[in-house]
Amino acid sequence: MNNPDPITFVLTSLIMLTVFVFLFAITDRVLNHFSKEKHPFDLKFAIINGLIVLIMYYLASRFL
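Per the numbering used here, residue 6 is the first one in the sequence shown, and the count goes up by one each step.
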């Protein structure tokens, strides 16, 4: 894998994290709509999950 410059790496990571959190929020709200117990959206949980996904993606793309 070619090492991108730092600006490209940061911008790509921010875009991926934003898209993940956006899709996570939509899925969470849809599932919450059909749930009997209503829960508020947890942004911190979504960001932590997004960071874990980013780390796993970069590790997998580097070693596979």
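Calculated from the structure, these hints are not laboratory results. Careful, some of the hints might be misleading.
Said to hold, decoys possible - Computed list of lysine to any residue pairs in SDA-like fashion (alpha-carbon distance at most 25 Å, straight line):
(1) 49 - 23
(2) 41 - 23
(3) 41 - 22
(4) 49 - 10
(5) 49 - 69
(6) 49 - 36
(7) 49 - 68
(8) 49 - 22
Hints the structure fails to honour = 2, 3, 4, 5, 7
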